[in-house]
Amino acid sequence: MQNYKSSILDLELVETLALNTQYVLMKFHHEQTLPAMEPGQFIQVRVDGSPNTYLRRPISINFVDTEKNQLWLLIQLVGDGTKTLAATPIGNKVNMILPLGNRFSKPEASDRVLLVGGGVGVAPLLMLGKEIMEMGLEVTFLLGARSSKDLLELDEFSKYGQVYTTTEDASAGEKGFVTQHSILNEQAFTKIYTCGPKPMMQAVSNYASKKNIECEVSLENSMACGIGACLCCVEDTVDGHVCTCTTGPVFNIKKLKW
Amino acid sequence: MVDQSIDLNGLKLRNPVMTASGTFGFGEEFTDFMDLARIGGIIVKGTTLRHREGNAYPRMAETPMGMLNAVGLQNKGVHYFKDTIYPRIMNFDTNILVNVSGSTVEDYVETAEIINELTHIPGIELNISCPNVKEGGMAFGTTAQGAARVVEAVRKVYKKHLMVKLSPNVTDITEIARAVEASGADSVSMINTLLGMAINAEKRKPVLSTVTGGLSGACVKPIALRMVWQTSKAIQIPIVGLGGISNAIDAVEFLLAGASAIQVGTANFIDPAITPKIAEGIVEYCERHGFKSVRELIGALETEGQQPSACLTDQKCS
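Each protein sequence line maps, in turn, to chains A and B.
This note's numbering numbers the first residue of the first sequence as 1 and each following residue consecutively.
This note's numbering numbers the first residue of the second sequence as 1001 and each following residue consecutively.
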């Protein structure tokens, strides 16, 4: 099932950028060359000093800066675990298992690619967008959020493609949900990658099915081990219950029963 | 040089550290992180006669110092294990035991018969204590008669090491342990998960699809230790202790309480490389205290001058 090797590493925190009160971008460095990591894969981070955080936290790989040998994690402050992690002092080491899970498939050279993200779910699309741009394809990002302050890393995304946005309160881009954006009527996409809140991904998935567009989603089922041992994070698929951590987190929508 | 070897009623372990069923997959999931040759054995995922899809998601809830699971014995059945998984893992350099579960006595017997033919599997762990399946499982493990019935039947067909995993969800675990011993078990492992529950107050709904689930992790250790200690006074066959073991000192505590070996469960999720570290830490403890063999720790708890306050079996509460 796995064709990559995972490692347990201590990475040094070099920078934490507070994007707003809800989100931080954390950059980690390792003295040795980081293992190869692919767009869509995730890490399991151990959070020390948080009594209510017993298990590791699965977090999408946002970006790997190969020049600086840095791993970027985009983190939403949800509970004690993520809040404690975000408060890690610069220079401290954080224990991670990486990389884990499968990756988004590479598009065909003829594909017209749309990457749809919502909230913190935009995280894995940055690295994917860079890879697709480097393949020589045009990249279109469609990023949705409640409000303009929740649109994350727009300057980063714009390095790799055209960025369109929607907000529910009309504070940026078009008002409404990603599936209502006018770009969907103006361009004929042939492959959609999406990650974000489940209702958003389901809406994107329905849109793709109707239009007969290839679509991959990245699921965020709650996990314990992250390595396929505990069978807690299962998703109901046409192949039965499969582990999101090893068979996913990326699934072609044709496999899902949601 | 500390002698780490353990003879578990005929089953030879290079050291007392094993992995708990359902927390270590088939061992393959962990080979990126550790060397299986550095631990005494692995107990692979619960196996039933026929394919089981397990329970619906969500199956997991994090709890203070622990977690609840409601996996429900998802597995592809013993024939798939025999044909597909066994050939992949049979040459692992450690003892591979298969955890066997069933809904009826006949299921247990048929599954055990099939595994009896697998030469690289030196034993089974009979699961009469799964709290997450509707029928069978824990139903056999919560009465002495039920436990005796399934163990006797399996003993007739299973010729190698027969370990029986006990449920803590009973009034008196020693009564079940005695019944299991009298029915021909070679060892008992204890404890399986404790029946628990998690609620999402905001949604006013249970967290797990099955409402209740099995509690494991560091939070259950005091209960497991107490049950191992009680049971060690009640039976002669060896005990494999488990429940919340997260480091070498936890493991030593179980040995002192009377376990002859231990299993590491939920801690594998937090550190997939924990088990060899625990084995090394037990040796380090022995060196520090001048023990030449890990076996000297088994049941070495000193209780002189301390009176058990709990009402133990065969002791009158006063």
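Calculated from the structure, these hints are not laboratory results.
There's no promise every hint is true.
The calculated lysine-lysine pairs, modelled on DSBU-like cross-linking and capped at a C-alpha distance of 35 Å, are [said to hold, decoys possible]:
hint, chain 1, residue 1, chain 2, residue 2
1, A, Lys211, A, Lys93
2, A, Lys254, B, Lys1203
3, A, Lys93, B, Lys1277
4, A, Lys254, B, Lys1205
5, A, Lys5, B, Lys1082
6, A, Lys257, B, Lys1012
7, B, Lys1159, A, Lys5
8, A, Lys211, A, Lys175
9, A, Lys198, B, Lys1012
Hint consistency between A:Lys93 and B:Lys1277 [alpha-carbon to alpha-carbon, up to 35 Å]: Given pair A:Lys93, B:Lys1277 holds - Cα atoms ~20 Å apart, limit 35 Å.
Holds or violated: A:Lys211 to A:Lys93, with C-alpha atoms at most 35 Å apart: violated, 47 Å
Pair hint outcome, A:Lys254 versus B:Lys1203 [Cα-Cα no greater than 35 Å]: Satisfied, since the Cα-Cα distance of roughly 30 Å is no more than 35 Å.
Pairwise hint evaluation, A:Lys5 against B:Lys1159, where the allowed Cα distance is 35 Å at most: violated, 39 Å
Hinted pair A:Lys257 and B:Lys1012, Cα distance within 35 Å: This hinted pair is violated, its Cα atoms lying about 47 Å apart.
Agreement of A:Lys254 and B:Lys1205 with the hint, judged by alpha carbon distance not exceeding 35 Å: This hinted pair holds, its Cα atoms lying about 30 Å apart.
Satisfaction of hint between B:Lys1012 and A:Lys198, Cα-Cα up to 35 Å: violated, 50 Å
Straight-line alpha-carbon gap A:Lys211 to A:Lys175, limit 35 Å: With a Cα-Cα distance of about 23 Å, the restraint between A:Lys211 and A:Lys175 holds, given a limit of 35 Å.
Distance restraint between A:Lys5 and B:Lys1082, which requires alpha-carbon spacing of 35 Å or less: holds, 26 Å
Hints 1, 6, 7, 9 from the earlier list are contradicted by this structure; the remaining hints agree with it.
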